[in-house]
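Protein chains: 4
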Amino acid sequence: MPLSSDQQAEIDVQRDETHTTRRATATGMEKHLYTAHPVLDHGFVRVIDYMGDDAAICQAARVSYGRGTKSVQNDEGLIRYLMRHWHSTPFEMCEIKLHVKLPVFVARQWIRHRTANVNEYSARYSILDREFYIPAPDMLNAQSEVNNQGRGAVLSGEEAERVLRILRDDAMRCYDHYEEMISQEGQQGLARELARMNLPANIYTQWYWKTDLHNLLHFLRLRADAHAQYEIRVYAEEICRLVADWVPYAYKAFEDYRMGGATLSATALDCVRRMLKGEAVTQENSGMSKGEWREFEGVMGK
Amino acid sequence: MPLSSDQQAEIDVQRDETHTTRRATATGMEKHLYTAHPVLDHGFVRVIDYMGDDAAICQAARVSYGRGTKSVQNDEGLIRYLMRHWHSTPFEMCEIKLHVKLPVFVARQWIRHRTANVNEYSARYSILDREFYIPAPDMLNAQSEVNNQGRGAVLSGEEAERVLRILRDDAMRCYDHYEEMISQEGQQGLARELARMNLPANIYTQWYWKTDLHNLLHFLRLRADAHAQYEIRVYAEEICRLVADWVPYAYKAFEDYRMGGATLSATALDCVRRMLKGEAVTQENSGMSKGEWREFEGVMGK
Amino acid sequence: MPLSSDQQAEIDVQRDETHTTRRATATGMEKHLYTAHPVLDHGFVRVIDYMGDDAAICQAARVSYGRGTKSVQNDEGLIRYLMRHWHSTPFEMCEIKLHVKLPVFVARQWIRHRTANVNEYSARYSILDREFYIPAPDMLNAQSEVNNQGRGAVLSGEEAERVLRILRDDAMRCYDHYEEMISQEGQQGLARELARMNLPANIYTQWYWKTDLHNLLHFLRLRADAHAQYEIRVYAEEICRLVADWVPYAYKAFEDYRMGGATLSATALDCVRRMLKGEAVTQENSGMSKGEWREFEGVMGK
Amino acid sequence: MPLSSDQQAEIDVQRDETHTTRRATATGMEKHLYTAHPVLDHGFVRVIDYMGDDAAICQAARVSYGRGTKSVQNDEGLIRYLMRHWHSTPFEMCEIKLHVKLPVFVARQWIRHRTANVNEYSARYSILDREFYIPAPDMLNAQSEVNNQGRGAVLSGEEAERVLRILRDDAMRCYDHYEEMISQEGQQGLARELARMNLPANIYTQWYWKTDLHNLLHFLRLRADAHAQYEIRVYAEEICRLVADWVPYAYKAFEDYRMGGATLSATALDCVRRMLKGEAVTQENSGMSKGEWREFEGVMGK
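Protein chains in written order, with our numbering: chain A, 1 to 302; chain B, 1 to 302; chain C, 1 to 302; chain D, 1 to 302.
There is no bait here: all hints are sound.
It does not matter which identical chain is meant; a pair holds if it fits inside one copy or across any two.
Below, a list of computed lysine-lysine pairs in the DSS-like style, where the Cα atoms sit at most 27 Å apart:
| hint | residue 1 | residue 2 |
| --- | --- | --- |
| 1 | K290 | K277 |
| 2 | K252 | K31 |
| 3 | K290 | K252 |
It is worth saying that the hints were derived from the structure and are not from the lab.
Generate the whole structure from the sequences, applying the supplied hints.
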């Protein structure tokens, strides 16, 4: 369970309060506010706050005095234009603040996105909870044979059981020892900032994470991608659903131009042009390496 | 006048709309939303949006599930502690978006603060208005004789009149020529992106500017400081008033620890300690240069 | 002339000094060091310092102990792979520092790239030189009729002459008045920080500008692009030549994947696939707007 | 031992190569290049590259054409002035690139400094080594009783032994299981990106880390401070020694104005002024809380 009943009660209280505001308000997002959307076995994503909506993107792009055009079509067209031509600054005018609970090894990937604001739960100051990520059996994959940083087939049978047993046992034993070391009963008790070093990377941590829409979409493009590690991808996919409700035009443009799109090199564009003229282009006469050609075929849907 | 009646009407419409939200709402800030606070002769600052309040700073610092403590005293104490110990990340959890109209030479200083999001009115795309900053007579100072980047006494008499005449005439003439060059009546009309180069640096521009509270306070510390150029300082002072209404505890801590505080060097601290022991410390035996000693005396209120 | 003889002499002295170093050294870049490459009528770009080379990109990507592989082919392949898959961090491991002299209206576009370090010549502190950008006659274009932020045909005849005369006269007059206002002969003399406001945006400024290779390539992609304003594009093109000599593999990969490449939306990719199957795809059945279709045709070389 | 003999040999080869360059070269830093300075039981810091020196700071501050003044005194005075008045941009004109080997829990603190460039060894792609940080017995402290995030007295006797035994045994067992899970002998072998989650936070990782001098000094101010956790402080202290040899004037100014200095609040300044006038100021009449007063007394050296 991602939340204790006390935590859920705290959230419920906050969720029940409403205020009157003059600020731009996104109806689709209001319904998500404070709700903890579960991710993995103990994790969650919940929206703490947001700033702006689709209209705010246009308003900034136009440096408007008022709320801007009432024509919804104009706004959508402008947003698509901005996205297509990599005008990033108007998308920076929306902001989101999330509370995320996630395994440490996922947090370590996530934090590499440097343009966000972060407050993480401090294991120097506080005691971590006994919560570890243990993969579901269908997400327990072998090392990929073609891709050094990827997964192959799902493990099965005895091997899968052994792996799960190891992960569970080591997590529990390390946590038992963590508790034992910091305990002040009949002993001094090791400093928390030292004891935490005994905890494996599947322990859960949590943070407040705040970023603007442009940088969030960049994060989502990389982390909701099929090549991202599954354990961070599920967080990205959950956030995608939130963004779709928050700024629907921007999200649709993002799906079309970023997630579903592809960048072709000069060489690849030349191949496409030759193919459209009826030429039989193969890897050998393409000017691409084998790896590039394989990726090109993937994009071309062959 | 900073705003045309059309612009004022647009703002009024937006100001009259209210929404219901679950988000943290700062009552003191709501009253400022969209109001254009005049600065200099044609400029203004107005709040377009904000995220968070004093409680949101504490909530992030604690990585809380709910709204956090109900004890106002606790929140203020925590905020003071965070400010005193340079814990910057919780202050990054508040965000503000402003619409600012300002002279280009002020904008050039302002933009040096890189951690903000900006959308500026484009003189490549659009035609600039005929609005120039002309200093008020009591703000027309001579070059400082002691400080290369500062002002001395106020100019007076014929010299002041001549300066004002030059500034006004050159601005008007340059703008006349700008209009003449881009005009398409009886000629092709020069590209806007070229014609704008004829406009002097006191012409007004405008932008949407969005930043987090930590970076905003850093901006205010430098630009609301007595050594900042008057023309940017008046903007910073106006923003200070907004921040004081938005996050009153954070602003008070900022006044105490940043604006009103001072950083003493190891050498200066040593002098203070010696002075407290009754030693007569002078520049000569202080270990400081003359410049440093003068600044030290300023801080010590001598 | 971009440089006075004194300035040239200072540069020559520095250029003649050599040192022995253990650092990675790029032979192609050494020859450019300190040389002021002229841009526009009074501007220049010169390399003050650099860090890293192609091998340094690979070394960081591999987190190597030594200089890494001696196989040049491996390094080029790795660099192409990193560029193709948007692995930006290894490119951040190279750094460049430039001294640039440029018109203020170009500087205002340039500074929008926030991830660089900048020290600009201070017109608050110092007196600006009488140097203004006056476009060459073949670069004096009319406003574009199709693109609000673009240029059309070159101005000709009397209109061109009038524009050039205005630009020259206003620049000279504004500068005369600038000098007159700050003069301390027989008067107090206006503060420099105020007097500068009378100077039009084609006056030259200069700065030290330092950035990493990843962010530099992003800058070049946007500013060496055909849609960038000519006056900034010529700076970007000059820098492109420097980068090609500095990190030749990275630059070639950049040309192939970024400058010469194109991003296709999901819709555009689908059209390409349909076209390759022999279907007659038109704007009407493409799912694209007219604007998008026109851009798509451009990319496809129709 | 921080380095294997192979790694040391690779470093030695690189260290023996020298090149001729026109770039600013810091003699004091050349001697450190590539040398792995040991930190903790298996970690190290080594300089991979650097850009600039003390003179480069001044050159940028002056936007100079040449190498600037030959007067060493002028340079030192300027650097002190810049540091004292928080002129950060000239310090950003120096850059350093380090290769650091460090425990994961230290890396997690370190990465919070967002303005650096980082390439970390990938445990998704590669297999981690069996190297764990085990504290030296005199660095094995109890939890502080006054400071939630601090250490108290050193553990002794049986408790210390038990803690060390736990840390060693859990590390070895977790690593054995890591190896067992990824092994492909007689089984499929778990994906590396999953297996790594079983490794505790005292395992060593390594990265290339590049930052500018301004941000480096900010990092050092926080992490070489007495309140920083010992395990990151020793890295910061090692880097301090490198910086002292690289940019001696900047480092001395940093020691005086930052490391050895202190920021006094408006309230604290007022107390100092009252004390200098002979008034007996106590916590009760100081206007400070007990915590603030205790810190104030610490600064005043009471």
